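Order-wise, the sequence lines are chains A and B. Residue numbers for the first sequence follow UniProt numbering, beginning at 1 and rising by one. Residue numbers for the second sequence follow UniProt numbering, beginning at 1 and rising by one.
Here are the simulated DSS-like cross-link-like pairs (lysine-lysine), alpha carbons at most 25 Å apart as the crow flies:
| hint | chain 1 | residue 1 | chain 2 | residue 2 |
| --- | --- | --- | --- | --- |
| 1 | A | K150 | B | K257 |
| 2 | B | K297 | A | K948 |
| 3 | A | K370 | B | K488 |
| 4 | B | K484 | A | K370 |
| 5 | A | K72 | A | K143 |
| 6 | A | K846 | B | K484 |
| 7 | B | K173 | B | K75 |
| 8 | B | K132 | B | K102 |
Keep in mind that the hints were calculated from the coordinates and are not lab data. If you're wondering where the values come from, they're calculated on a predicted model, not measured in any experiment.
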Amino acid sequence: MQRLSYLISFAFLLSYTSFAQVNLMSVAPAEPDNSVESEMASFKIADGYKIELFASETLGIADPCAMRWDEKGRLWVLTIPSYPQPMPGSDPNDKLVILEDKDGDGKADYSSVFAEGLNIPLGFELGHGGVYLGEQTELVFLKDTDNDGKADSRKVLLSGFGTHDSHQTINSFLWSPGGELFFSQGHSIYSRVETAWGIKKADRASIWRYRPLQNRLDGFLDGSTASVNPWGMNFGEWGEMFHKANDPELFYTVPGMVNTTHRALLPPIGELVIKGSIIEIVRTKHLPKDLWGDFVIAGYYNNKVERMRVAEDSSGYRATLLDPILTSSSRSFRPIDIKIGPDGAMYVLDWYNPIIGHYQASMRHPDRDKTHGRIWRITATGRPLLTPPVLTGQSVPTLLDHLKSKEHWVRYQVRKLLAERPFEEVSQPLTDWVAKLSPADADFEHHLLEAIHVYESHEIVNEDLLQRLAKGEEPGARGYAAHVAGRWADRLENPLAILEPLINDPVARVRLEALVAVSDVHRPEAMAVAGQILNLPTDKFIRYALEKTVYALEQEWEPALRKGMLAFKDPAHLAYIVSVIPPTWYTADMYRKLISDELSKEVKRSLLISLAKVGGPSDIEFVLKPANVADDAVLLDHLAKTEPRPVTQVSLNRLKSILEGPDNKEVAKSAVRLIRAWKLKPLAPAIQTLVSNGQKDASLRAEGLQTLAQLNGRGALPILQKLVKNPQTPRQIRLAGLQSLSMLDIGLATQATLNEIGIFGGSVAEFKEILSPVLERKGGIASLTTALATKSLSREKAGLMLEVLAVKGINAAELKTLLNKQAGVKNLVTRNYDQQYVDKLSKQVKEAGDAGKGKAIYMANPSCASCHTINGKGGNIGPNLSAIGKGLSTREIISEVLWPNQNVKEGYNRVAVETKTGELIQGIKIFENAEEIQIETTESRKPKVLSKKIIVSKTETGSLMPSGLVDNYSEEELRDLLRYLSDLGN
Amino acid sequence: MKAFKINSKLISVLLLLIGCKVFAQKKTDTAFFNKKDLTGWSAANMQYWAVEDGAIVGRATQKVEKNQFLWSDVKVADFYLNVDVLLECNDCNAGIQFRSKKADASGQSIGYQADMGRDVWGRLYHEHGREKLDWSDRGEKAVKPGQWNKYEILASGDRIWTAINGKLAVSVKDPGGDPSGYIALQIHSGDAQTVRYKINSLVHNPKVELAGLTEAQLVKELKLPMNKPLGKSSSLTFKENEVIVFAGGTNIVNMRKDCYLETLLMAANPHTRLHIWNLGWDGDTAYEQFRDVGFGKWSRNLDSLGADVAFIQFGQMESLWGEAALPEFINAYKKLLSEIKTGKRRIILLSPIPFEPENLNSRQGKLAQNPLINAPVEKYAAAIRELATQEGYLYIDLYTPLQKSPLAGSLTFNGVHLSPEGQKVTAEVIVQELGIQHRITEKLEPLRKKILTKNQLWIGYWRPGNWAFLGGDRTTVPFSHDWKNTEKRIFPEEVKGFQPLILEAENHIFEQQNLLVTQN
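Let's have the full structure, built from the sequences with the hints guiding it.
This is the structure we're talking about:
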């Protein structure tokens with residue numbers, strides 16, 4: 001027994017960092033009627049379509065989470081009743097079920113179990129005569145070796161995928177056209193997979209690519225850099241890859257398919273209003289033409305089947321949201337997979353559950369539905385359904401001919417079948433098939449594309465075919481050829497010879513594919529070829545991929561460059577590369593040689609910064625030349641962020657002349673900041689002159705004042721106080737003065753601040769500006785509290801100050817109490833968490849809440865919209881509330897509003913840091929690694945990037961949303977506000 | 001019977017540890033060889049052995065596949081042996097094992113060998129182990145090929161000397177070497193041959209003198225062996241209720257699915273109620289052992305379980321970084337181990353297993369280059385061996401035995417990770433190194449099944465899904481709480497439900513162990 005107690009302490013005593021125990025919110029009760037008929041009645045389908053039931057729980061598919069078609073037209077469904085967590089000692093019994101419509105009436109009538117006893121697998125795909133299944137830490141291959149319809153062989157292919165959150169383990173499996181298995185993982189998953197190519201790591205959300213014949217795994221876009229929870233990919237007709245976030249965003253994946261650990265946020269190409277997963281691309285004659293090529297998305301959050309239209313946008317795409325195909329008023333309708341079937345109908349997998357949140361409800365909440373699960377079939381009225389061709393047991397030539405089908409379903413199945421035949425069987429017929437293709441055929445190049453997919457899926461190189469596609473008329477053919485050249489780079493004699501013309505292709509999308517492919521060619525010259533993409537205009541997708549490519553090929557180009565063995569066609573290419581990763585051995589002379597006026601401003605700037613970092617006094621003089629700095633304030637700001645560099649009199653004079661010149665005031669402001677950062681004391685008199693010069697721009701003088709305080713320290717107090725106290729001083733300068741005072745003397749700053757609000761400031765925004773310097777300084781809140789204990793503000797001003805605290809997300813209880821008193825708030829209610837109160841309030845909200853009045857209350861409260869967005873308006877730092885009523889029950893919303901610390905949404909935890917200089921910064925953590933932390937604050941959408949070196953303390957607790965925000969609302973006001981929120985999205 | 005054997009072994013090791021030889025007296029062993037027959041001697045295959053003219057004759061009339069050994073029942077620690085030997089064909093090879101033990105049922109030998117034959121005369125070899133220890137040619141110079149030669153062996157503590165025809169041959173100080181064991185005579189594999197051993201005397205606890213040299217003179221001649229001893233794995237014994245942990249990457253993780261090593265350890269220690277916990281984690285390396293927030297780091301896991309014995313395996317994945325990274329690897333490994341090193345804890349380093357490049361892709365995928373081919377696993381294994389020696393850890397070489405295994409090439413399912421069959425072979429290699437005679441047989445199947453059940457429960461308890469909510473960064477959200485009584489966290493309570501199940505599963509294991517003993 002004693003031993004076991006060790007065991008216990010180990011798992012439990014160490015670890016739990018629970019604070020503020022805790023609410024438990026339940027969710028709304030399940031639908032009163034869970035029948036198929038009732039759900040059917042909840043649907044509103046777009047004109048021209050019909051929806052019918054294909055299968056329900058009666059066929060053993062309760063808790064379905066993924067489905068895939070096989071070539072026989074059978075629908076395989078994965079069910080996970082063990083989700084979200086198996087009970088101790090009970091063997092999980094999740095199943096892979098096969099549904100069949102034997103009588104062809106459009107309804108499944110037969111089901112059989114292929115595999116059981118599974119442990120919360122979240123996804124699968126069929127192929128190679130078996131099933132690839134993602135189950136917890138493992139990717140396994142299940143096979144029925146004795147043809148009895150049941151899996152009898154289980155082989156682990158890969159293991160080490162994370163399981164820290166059972167709704168984010170590896171999921172949404174899909175074959176690429178070239179026979180690679182793609183899948184993804186979510187935000188709380190950390191994977192370490194041992195492969196022959198080393199340990200493949202992915203922290204947080206990531207996309208995986210598995211090449212089964214090589215047993216090779218590669219991860220992309222980890223660190224949640226292209227969606228927090230990717231779920232669902234698809235490929236366009238020319239192999240263009242897209243993926244869907246579970247959140248609103250849709251992504252064009254290709255720029256992110258550069259194999260490097262360097263992380264950067266991939267820009268999305270469009271978004272839904274609220275969450276939705278899965279992409280099915282409509283490519284069937286059965287559905288109306290208007291729908292062809294559109295993306296259909298499973299809107300599990302707002303009970304919709306969504307539709308997006310995707311159009312070309314430079315080297316990438318842009319997506320717009322169209323009207324949904326299907327809407328349901330049932331909160332239990334949860335579409336989570338969509339597949340076009342063999343008949344051309346659209347099949348929608350319905351998780352059927354009032355609770356979709358993993359974390360938002362108790363793991364054992366009784367409303368987590370364990371007994372239902374449905375598949376709906378959407379058809380176009382008046383359009384004939386299709387009869388799929390017989391694919392089972394067909395000869396290779398017959399199968400090859402089906403690759404000409406217009407039906408994507410057919411081609412997807414045929415590719416899979418051809419991939420699992422031995423190549424010896426496929427080889428000759430494939431050669432013959434390609435030889436017989438007619439160049440006159442409008443789809444000739446697409447047929448070649450299908451042919452190369454077969455080679456790819458067998459890992460067989462066919463350079464001749466590749467060359468033909470590379471010289472194709474269709475941009476899609478050339479783009480895909482580039483992709484394949486990258487995939488086969490290790491086996492082609494000279495992949496760069498194929499890729500070089502493509503990276504200079506007239507079509508931007510081809511250039512992007514070529515660039516991504518080049519990143520897979522691990523030769524030094526590849527970097528020189530990649531650089532050529534700069535010959536033609538770039539865009540956000542190309543720039544994204546190029547930056548990553550510089551990292552992906554660093555091991556190759558960097559040593560070669562050092563040895564002088566890497567030549568670039570244009571020095572601008574080298575300049576770009578060096579601007580992304582400055583080599584450690586690069587000297588000032590090397591930078592000086594690269595820098596020219598031909599370069600883009602960004603590249604030139606980056607090189608000047610690198611030069612400043614390594615250069616001597618004369619190089620700093622060079623960097624500060626008027627030609628370089630005259631119109632580049634950003635350059636000066638970057639220099640201000642580097643360590644101080646040696647500055648000569650010439651350099652000082654250059655900076656001084658910027659201050660004195662009449663030119664660009666932004667440049668002058670940046671120069672002032674640089675002088676501050678580098679502590680250029682000899683320029684203090686010049687700064688003082690600037691500050692005192694009433695002719696100069698106020699914002700420039702304000703900047704100067706702060707520099708003066710930095711350079712002269714307390715010596716600057718007299719001029720600071722003089723300026724701050726003088727009501728004639730421009731406001732900006734007074735505010736800068738408060739900022740500087742707060743750094744030098746918090747007591748004086750507090751007095752000056754109170755003086756300022758005594759005279760000025762009539763709005764929350766103005767008050768925020770006045771108060772921020774003291775509030776964001778160590779000891780500031782305490783100093784204000786002390787001062788206000790003896791000095792009373794007017795009611796109105798105390799009220800404004802309270803608003804400022806709310807908007808800034810500051811919890812300062814003592815100060816708030818003081819201010820509430822001074823503001824004369826009498827009916828202040830501090831509502832402590834109480835389940836009965838929640839029940840009561842919830843009832844009132846539903847019965848008597850007035851959403852219209854609630855909206856007015858919301859709009860009148862600046863603290864809400866400073867952080868939250870509703871229908872495109874408002875701040876970004878808190879969760880989007882556009883459809884909060886769809887996602888959360890009234891009871892949950894009550895808890896969120898009244899006790900925000902109890903249940904913080906994923907990714908919205910408050911972080912507060914204190915810097916070495918006593919600055920306090922709080923907000924939402926966007927990113928953190930060993931070197932830096934990025935915090936998004938209520939002040940700005942752009943995250944603050946803080947070096948870990950300047951941080952003295954960091955706390956991460958609770959929510960940024962302060963509690964007590966609604967304490968001064970009456971029960972009626974609260975009721976109406978909550979009603980407004982509950983109705984959002986409904 | 002088995003249980004008794006193990007106990008007696010335990011006792012003898014224990015006695016050695018407390019240094020009973022202090023009280024030893026010089027004694028000539030008259031029972032060693034009676035000069036008439038092979039009483040007190042045994043071999044797996046007696047057909048090779050006979051007594052002729054008062055000498056033991058080893059004779060092979062045709063090609064010998066494997067080395068043959070004739071084992072004496074007499075155990076030696078400090079001793080002096082005087083033998084006249086005649087190796088009829090000097091190109092053949094023979095030798096005298098001492099302080100040795102049997103490696104397997106075929107009577108193969110592990111331990112010191114006073115070597116005989118062209119180019120090896122008078123050299124000290126360590127059979128099935130460290131190989132060359134003293135490779136000077138002094139004995140070679142003194143020998144008379146094809147004639148009778150006098151071979152003397154003197155072992156005292158960690159000092160070993162031999163002499164041929166009165167000339168000093170071997171002189172080695174071998175701290176940490178085999179302290180005791182048996183004497184065996186060898187016929188080397190190869191062509192037909194005859195070797196004659198005329199035993200003159202065996203003296204226990206002899207006076208230290210040889211080849212006309214005094215103890216002081218002999219000591220002056222001592223030098224350290226070419227290959228230092230590895231950890232003495234054979235000295236690993238387990239006490240009641242001790243906790244054993246396994247740690248490493250996927251190959252360790254997979255041990256919990258087949259349970260072969262656990263089964264063998266449990267079968268060999270039926271009365272000690274061992275608790276074995278598998279802490280393997282996919283992707284763990286000496287460089288990084290990733291654990292989610294709140295899980296506790298690797299070393300802490302071992303500590304909080306109270307691990308008395310730790311089997312640890314790293315180096316295979318790391319070897320893919322290449323030879324240049326080897327020093328970095330060793331530093332990282334050393335540092336990691338230093339975190340778990342305590343006075344009491346026994347640490348056994350398992351060498352990495354060899355890669356099987358041919359198994360990388362089961363479906364014949366074409367590769368430009370197979371990354372497994374050039375990975376220097378062997379060098380990593382050797383460096384780990386060195387690390388073990390320096391730091392006083394036990395080391396078990398899996399690389400060499402698996403490389404030489406008849407099943408080599410089919411021990412992994414993907415070139416990297418052991419198949420169930422590979423796990424079995426590996427487990428047997430490990431226990432063999434530990435001096436455990438058990439092998440996986442049908443008889444152990446019920447025990448293995450019980451262990452499997454325990455391990456399934458263990459992993460549900462130790463590494464459950466949804467850790468983020470159980471103990472990670474998401475413990476405050478509703479998931480882990482009761483849906484009605486919102487203050488109450490139900491997930492930790494629920495997971496505690498594994499504890500009685502694990503205890504029960506362990507009890508079933510102990511019952512099976514007992515059954516194995518009583519059935520014998």
